[in-house]
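Engineer: Protein sequence lines correspond, in order, to chains G and Y. So in my numbering, spot 157 of the first sequence is number 157, and the numbers just go up one at a time. Counting the second sequence from 1 gives a position; my numbering is that position plus 408.
These are computed hints drawn from the structure, not numbers from a lab. Note that the structure is predicted; figures quoted are calculated from it, not measured. Beta carbons are placed, not taken as given, at the ideal position from N, Cα and C, and that holds for glycine. One or more of the hints may lead you astray.
What the hints assert, rightly or not - To spell it out: a stretch of chain Y is covered by chain G in this simulated footprint if at least three of its residues, at any positions, have a beta carbon under 8 Å from a beta carbon of chain G; those stretches are:
hint : region
1    : 682-690
2    : 770-776
Claimed, not checked - Facing chain G, from chain Y, some residues (calculated, C-beta under 8 Å):
hint : residue
3    : I441
4    : T443
5    : R445
6    : G579
7    : H710
8    : K782
9    : Y783
10   : E828
11   : T834
12   : V892
Spelled out, the chains give:
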Amino acid sequence: MADALRPRDAKDVEGAVQWALAHRKSLEIVGHGTKRSLGRPAQVDATLDLAGLAGVTLYEPEELVLSAGAGTPLSEIEARLDAAGQQLAFEPMDFGPLLGAPARQATIGGVLAANLSGPRRIKAGAARDHFLGVAAVSGRGEVFKAGGRVVKNVTGYDLCKLLAGSWGTLAAMTDVTIKTLPRPETEATVIVVGLDAARAMQAMAAAMGSSCDVSGAAHVDADVAARVGDDVAVGRDVTVLRIEGVAPSVAHRTDALMNVLRPFGALNTLGEAQSRALWEAIRDVVPFAAGGPAGKRIVWRLSVAPTKGAAAAQLIAQRADAEFLYDWAGGLVWAALAPTDDVGAAAVHGAISSCGGHATLIRAPAALRASVAAFEAHTGGLAALTRRVKDAFDPRGVLGPGRMWAGV
Amino acid sequence: MSVVMPVPDAGVLARREEIVDALRAIVPGEGVIATEREMRPYESDGLTAYRQLPMVVVLPATTAQVSGVLAYCHAHDVKVVPRGAGTSLSGGALPLGDGVLLGMAKFNSIREVDFENRVAVVEPGVTNLAVTRAVEDRGFYYAPDPSSQIACTIGGNVAENSGGVHCLKYGMTTNNVLGLEMVLMTGEVIRLGGKHLDAGGYDLLGIVTGSEGLLGVVTEVTVRILQKAECARAMLIGFSTSEDAGACVARIIGAGIIPGGMEMMDRPAIHAVEEFVHAGYPLDVEALLIVELDGPQAEVDHLIGRIEAITRDCGAVTCRTSSSEEERLLFWAGRKAAFPAVGRISPDYYCMDGTIPRAQLPRVLRRTRELSEKYGLRVANVFHAGDGNLHPLILYDSNKPGELDRAEAFGADILRLCVEVGGVLTGEHGVGVEKRDLMPAMFSEADLAQQQRLKCAFDDKGLLNPGKVFPVLHRCAELGRVHVHAGKVAFPDIPRF
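Make a model of the complete structure from these sequences and hints.
Structural biologist: Here you go:
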């Protein structure tokens, strides 16, 4: 069991990285550790536990900004926002159910480091798009900051974007500032029944190409739908589209969307409460939850062009026993594969090389996760550039070596 | 010019003829411009107070030519300044006397429009507005709309992370770009992103966007296109104090409404504009808000009703809502003509671009008025009220000795004030040469060193657009050294288990 270092403040974090540098130790940065089993297992000497850097330090709803220690629980932030009628528009998913970790335990630092988002990604962006400012300690043991606490800023390089999705391999974030937005007044969902995946991609493209301002577009086959929730378990494949906003607008756009979708198949609608529950289940990929019927399956996450979703899934299905959940109008494919020695890597990477995009290994036995490309594998100039970017922040490989790629 | 640029390399200048010949071999025909007369149009960008003839202008037409030019320049230690349409307001495309000016105007075709995936793949020299023109027959548009959109190019928008009046609701360039092809200073061609969302590795797309031409030369851009809203209506709301106007903006956002656009003008701006455009703006107010709502008719009408109620509570002295598309465009015509309108009442003006927390607006406007008296220069304020992006226009006459220097000093004071109240130096125009020397007001040496290390990862010799953004240029080898405080680390204090 590796040592756990538990800094109380940013100064301690600086000291911890300096200590690691001086003693040639490597550190795995963790918040509450909810996503540790995702991707490649880091080979480290100690964990740097940032849970102690907790607390909201600034929240000004009318300025649309919130600042907090990186270790602040997401649930605490969401409760603060909710009380003010706001939310994180990027709808960060909770990996708890999928990874068999306790639900709703993530920290804001972990949310940003993994660049999380949810179904609303297609309309509102991901964590990267709402990450305004940061203070951090680089792998060089130096404190730096970037960005600011205003929503519009182009002063200097946008290092927040780079740290979003860097999985703790470039710097240890200590304080973060994020953009907050009003929570939609209400929502509704339109369901199209009985479309196969290819036809569903077309229906979702039609919906996204309309002026209905759709904020969620997902598709599941009948078996998977049964695990999404009772409201959509109609024994048929279902395609679901979400409309959010003020009540008169939601009513108007729901009608308009039904007109767009009528040529595709039989329609149904869900009211606010059912819609909310449905999209939370889709966001957290509940049909593939560790505790459910697909709990032993390997899970991959593919980001592709929306029209390629069904094609990518079909290519995987030709080589593996697989179930799928399509989000982002087809652009996000969650694939749950029956366990094999290569964790389905050949099938998934084959689909990506044919369809474009990238894939991330989300859930697999630890022993196998180190043996395949868990994150997008780069070649040539891009691989070398990625290496140089890592060196620019962490030249001695102190922070999460091997966490994303072998040797980086 | 008050900004000191890197000292021209005499060795490079001595080799000028040889360099020009080599570039002609890479970009044949009229793609290399080396006479003073023909290079003159490239001597400055939108920040016309700064001028410098480049050593040579190169106008490549293909990615292979860009790659060839950069590889040659990398091998021969020649600096390169990329340029789109040259509309930068921060001097981002200011040439270097010993550098190649790489004009991307020939990259002007739209390669693909993919309505099913809601993206357009365009070359960087395509203008911002041309993207919308290419997709509007199917009801789509490209959301970021900087006011120079008729002229500015997508490549320049990527370099500057351009915004516009609608970016509070629809995002800046960085939120609307999905993929890039770019050439590194070594000549290597890399692709980032595509038609899919988010990076599978480090988000280099997010870093390149807004990097002001210091990291690479973009040769293709994939942008997101959106379906136009069903309708839009605008409101014109007048206040007797800027405090009331600011409070009203906060109330609107606090009520959970994010308008498509929310602009503010102060009295000098209102008067300059009204005399020029006759938009029907009230002249007896201190601050004027333009609030635009877009969406389905039912939503727009509903929100206008709520905002009208809020304005009554906020002490608005006038409130008009557009009842036709012509009237909506008239409301906007004034705001969109604000810069030329100010240009009519002053021989020159200097446009600033700080962002502040909105609550600080009264303080910043008050202090700006005091500075205006101190420097003896008039100022008119236009303001993207929704996101706190302030554009003070400082009026001066460059023919009067010392006025440009005073205008620059005044502008610098305003930007320091923005930082002091919790804001930033630039919201959308970029640092460029203009705000380069103010960077230490916002960033520590360590902050700037870390940014420059990232620059080194892309451009190890510092040849791409040097003299911009960073006030002090460090060598990459020097920046790369790791200082280990062995034995002095007080780490045993930290609880460990």
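Engineer: Go through the numbered hints given earlier and state which of them the structure violates, listing their numbers in rising order.
Structural biologist: 1, 2, 3, 4, 5, 8, 9 and 10
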